[in-house]
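J.: Here's the letter readout for the chains.
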Amino acid sequence: MKVLVAVKRVIDYNVKIRVKPDHSDVDLTNVKMAMNPFCEIAVEEAVRLKEKGVASEVVAVTVGPKAAQEQLRTALALGADRAIHVQTEAPVESLAAAKLLAKVVGEEQPQLTILGKQAIDSDNNQVGQMLAALTGRPQGTFASEVEVDGDTLKVTREIDGGLQTVALKLPAIVTTDLRLNEPRYAKLPDIMKAKKKPLDTKTPDELGVSVDSGLKRVAVEPPAERQGGVKVGSVDELVDKLKNEAKVL
Amino acid sequence: MSILVLAEHHDGQLAEATAHVVAAAQQIARDGGGDIDVLVAGEGVSAIAEAAARLDGVSRVRVADDAVYAHQLAEPLGDLLVALSGDYGHVLATASTTGKNVLPRLAALSDVSQISEIIAVESADTFKRPIYAGNAIATVHSEDALKVITVRPTAFDAVGETGGGAIEAIDNGVDNALSSFIDERLEQSDRPELGAAKVVVSGGRGMGSGENFQLLDGIADKLGAAIGASRAAVDAGFVANDMQVGQTGKIVAPELYVAVGISGAIQHLAGMKDSKVIVAINKDEEAPIFQVADYGLVADLFEALPELESKL
Ligand SMILES: Cc1cc2nc3c(=O)[nH]c(=O)nc-3n(C[C@H](O)[C@H](O)[C@H](O)COP(=O)(O)OP(=O)(O)OC[C@H]3O[C@@H](n4cnc5c(N)ncnc54)[C@H](O)[C@@H]3O)c2cc1C
Ligand SMILES: Cc1cc2nc3c(=O)[nH]c(=O)nc-3n(C[C@H](O)[C@H](O)[C@H](O)COP(=O)(O)OP(=O)(O)OC[C@H]3O[C@@H](n4cnc5c(N)ncnc54)[C@H](O)[C@@H]3O)c2cc1C
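Respectively, the protein sequence lines represent chains B and V. Under this note's numbering, read the first sequence as residues 1 to 249, first letter to last. Under this note's numbering, read the second sequence as residues 1 to 312, first letter to last.
These aren't lab readings, by the way, just hints derived from the structure by calculation. Check each hint, because a few of them may be wrong.
Dumping the calculated DSBU-like pairs for lysine-lysine here, alpha-carbon to alpha-carbon at most 30 Å [stated by the list, open to error]:
| # | chain 1 | residue 1 | chain 2 | residue 2 |
| --- | --- | --- | --- | --- |
| 1 | B | K66 | B | K2 |
| 2 | B | K193 | B | K103 |
| 3 | V | K128 | V | K222 |
| 4 | B | K247 | V | K222 |
| 5 | V | K311 | B | K231 |
| 6 | B | K241 | V | K283 |
| 7 | B | K103 | V | K276 |
| 8 | B | K52 | V | K198 |
| 9 | V | K198 | B | K154 |
| 10 | V | K198 | B | K243 |
| 11 | B | K32 | B | K196 |
| 12 | B | K247 | V | K283 |
| 13 | B | K16 | V | K128 |
| 14 | V | K311 | B | K247 |
| 15 | V | K276 | B | K243 |
| 16 | V | K198 | B | K16 |
| 17 | B | K16 | V | K283 |
| 18 | B | K20 | V | K128 |
| 19 | B | K32 | V | K128 |
| 20 | B | K231 | V | K128 |
| 21 | V | K276 | B | K241 |
| 22 | V | K283 | B | K187 |
| 23 | V | K222 | B | K216 |
| 24 | B | K243 | V | K128 |
| 25 | B | K16 | V | K276 |
| 26 | V | K198 | B | K247 |
| 27 | B | K169 | B | K187 |
| 28 | V | K222 | B | K241 |
| 29 | B | K20 | B | K103 |
| 30 | B | K193 | B | K2 |
| 31 | V | K128 | B | K241 |
| 32 | V | K276 | V | K222 |
| 33 | B | K243 | B | K231 |
| 34 | V | K311 | B | K241 |
| 35 | B | K32 | B | K216 |
| 36 | B | K66 | V | K222 |
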């Protein structure tokens with residue numbers, strides 16, 4: 001079966017972002033970019049399915065600017081067979097990303113599509129669910145275990161109270177949670193080989209999707225900073241402060 | 001236009017978070033007008049519907065009682081919301097794993113955007129939400145006819161329970177041929193729910209093992225606290241996934257948060273830095289957690305915790 005993996009270019013998770021002084025947006029100049037960590041988990045899962053002989057082909061797709069090709073090359077180095085770049089320099093909001101991915105799903109007809117549960121820049125947690133709705137495919141979100149069984153997919157999901165297991169009729173959409181797997185690192189020879197793997201480029205126009213959105217970002221502000229506190233010298237002092245100063249005990 | 005709130009419920013009980021989402025709905029109604037309806041979908045949910053009807057500000061509780069909604073699977077619940085949404089200008093849910101699972105389906109099928117995890121209502125069409133792990137707060141304006149919104153419950157004070165909304169059954173049997181429920185392994189605990197607890201005591205990798213988490217039990221007992229954890233502690237298998245606090249876990253904002261053996265990575269801070277009072281216990285005085293802690297104790301947790309328990 002064919003597996004499609006959606007990957008997004010985001011700031012590296014170690015970067016603490018700053019807001020621009022004019023409060024128009026966050027400042028991304030010279031910030032280190034990387035593949036969204038949840039997308040790394042998605043690629044890893046797809047590649048493992050191929051190694052187990054369950055998947056026959058792994059296709060990576062991204063929607064984003066020219067530079068997002070770096071993340072597609074990373075996916076190829078990690079084991080994807082080919083890549084599709086839906087190239088646009090415009091900001092792409094979740095609904096538009098889902099519509100574009102739905103077109104790609106329509107063209108590629110994967111049995112399984114794997115996305116991250118959330119992109120760590122917008123923290124939206126929407127695209128996989130929207131893609132499932134738009135393609136009429138069932139969804140297994142926040143997956144910590146995935147098992148293909150004939151034409152059924154068993155997905156164990158991390159939910160607020162614990163774990164839930166559902167059966168989905170393939171073709172289906174899955175979004176990854178942190179405990180699904182531990183992604184590998186790309187090895188140098190694989191990074192070299194990835195440069196020769198096929199990478200197709202399309203545009204939103206060619207796919208017939210407008211990236212306009214009903215949402216406008218009016219302002220971006222820094223959060224209220226916490227005042228630095230004090231160090232206490234002993235457990236006694238801590239208990240005293242909590243009782244008599246903070247009055248929370 | 002009216003506002004619809006999707007009720008969150010577990011084990012036959014209305015979740016506290018719903019009262020916080022109704023509070024957000026009241027703020028929207030104050031600017032844009034409209035009644036507030038609550039949708040209770042599930043199987044055998046009449047007691048939940050009665051609890052929802054008591055929430056202040058609720059005009060009407062619409063009840064879809066059907067086996068197809070029993071486990072809150074996204075596909076049928078999404079279809080139900082789509083069928084009802086024509087009556088509403090806003091549909092709200094808590095930013096729980098259920099709300100996050102279902103609401104984007106309604107948005108996509110209605111061809112509108114979703115606004116995730118709002119923390120403030122500026123007006124009926126403008127909201128604030130954290131982005132980049134809470135290191136920036138975006139003000140977002142929506143021009144969509146239907147506004148689909150998830151709400152961070154800790155950012156809104158719960159409404160009271162002195163209301164008397166009408167309860168009305170909806171007869172809407174949607175089918176679900178796409179997905180089915182197999183089983184659920186829910187963590188049993190007598191402690192308060194993490195998201196709603198007044199006090200949270202969390203352990204990190206520094207706890208060293210799952211067994212050592214017992215050191216937190218006595219303290220949590222004395223404080224009536226919920227127990228949380230860092231991602232590292234969950235990944236290491238010390239505790240269950242539902243205890244993870246952070247950007248990609250649960251967001252908490254208790255009166256008192258005690259972080260033990262947690263370094264204070266930005267992803268962890270994103271989940272707890274709105275707590276009123278933060279205490280950190282860590283043996284490394286350089287640990288970043290001390291930058292947000294009101295009271296920091298540089299100490300070995302294996303000595304500090306038993307002493308703390310005895311002195312509370
Ligand atoms: C009102 C508003 C204004 C914005 N303005 C700007 C702006 O000016 N500049 C800017 O840079 N950003 C802007 N953004 C942010 C950007 O549009 C978001 O990244 C966006 O919402 C895309 O989806 P997501 O990251 O939220 O997806 P999520 O639902 O959080 O991501 C889940 C998963 O979906 C998949 N996915 C998501 N996006 C893609 C993609 N593009 N390609 C492939 N797979 C994907 C990945 O597998 C990912 O792990 C704005 C967002 C909003 C809401
Ligand atoms: C995509 C993504 C999402 C993430 N989401 C989350 C999230 O939601 N929540 C989250 O928490 N993390 C999250 N993380 C992980 C985060 O980056 C950190 O790795 C994690 O929070 C570290 O956990 P920790 O503080 O317990 O461990 P460490 O960073 O290893 O810190 C352990 C601390 O314990 C202290 N210590 C050790 N022994 C003792 C002792 N005997 N007495 C006292 N102190 C001691 C040490 O000094 C140290 O400060 C995420 C990461 C990524 C990439």
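J.: Each hint needs a verdict: does it hold in this structure or not?
T.: Do the hints match the structure? See the list:
no.: 1; hint: B/K66 to B/K2; verdict: holds, 26 Å
no.: 2; hint: B/K193 to B/K103; verdict: holds, 28 Å
no.: 3; hint: V/K128 to V/K222; verdict: violated, 36 Å
no.: 4; hint: B/K247 to V/K222; verdict: holds, 16 Å
no.: 5; hint: V/K311 to B/K231; verdict: holds, 19 Å
no.: 6; hint: B/K241 to V/K283; verdict: holds, 20 Å
no.: 7; hint: B/K103 to V/K276; verdict: violated, 47 Å
no.: 8; hint: B/K52 to V/K198; verdict: violated, 47 Å
no.: 9; hint: V/K198 to B/K154; verdict: violated, 37 Å
no.: 10; hint: V/K198 to B/K243; verdict: holds, 15 Å
no.: 11; hint: B/K32 to B/K196; verdict: holds, 25 Å
no.: 12; hint: B/K247 to V/K283; verdict: holds, 25 Å
no.: 13; hint: B/K16 to V/K128; verdict: holds, 20 Å
no.: 14; hint: V/K311 to B/K247; verdict: holds, 16 Å
no.: 15; hint: V/K276 to B/K243; verdict: holds, 14 Å
no.: 16; hint: V/K198 to B/K16; verdict: holds, 29 Å
no.: 17; hint: B/K16 to V/K283; verdict: holds, 24 Å
no.: 18; hint: B/K20 to V/K128; verdict: holds, 17 Å
no.: 19; hint: B/K32 to V/K128; verdict: holds, 26 Å
no.: 20; hint: B/K231 to V/K128; verdict: violated, 33 Å
no.: 21; hint: V/K276 to B/K241; verdict: holds, 14 Å
no.: 22; hint: V/K283 to B/K187; verdict: violated, 37 Å
no.: 23; hint: V/K222 to B/K216; verdict: violated, 47 Å
no.: 24; hint: B/K243 to V/K128; verdict: violated, 34 Å
no.: 25; hint: B/K16 to V/K276; verdict: holds, 23 Å
no.: 26; hint: V/K198 to B/K247; verdict: holds, 13 Å
no.: 27; hint: B/K169 to B/K187; verdict: violated, 35 Å
no.: 28; hint: V/K222 to B/K241; verdict: holds, 17 Å
no.: 29; hint: B/K20 to B/K103; verdict: violated, 35 Å
no.: 30; hint: B/K193 to B/K2; verdict: holds, 21 Å
no.: 31; hint: V/K128 to B/K241; verdict: violated, 34 Å
no.: 32; hint: V/K276 to V/K222; verdict: holds, 19 Å
no.: 33; hint: B/K243 to B/K231; verdict: holds, 16 Å
no.: 34; hint: V/K311 to B/K241; verdict: holds, 13 Å
no.: 35; hint: B/K32 to B/K216; verdict: holds, 26 Å
no.: 36; hint: B/K66 to V/K222; verdict: violated, 56 Å
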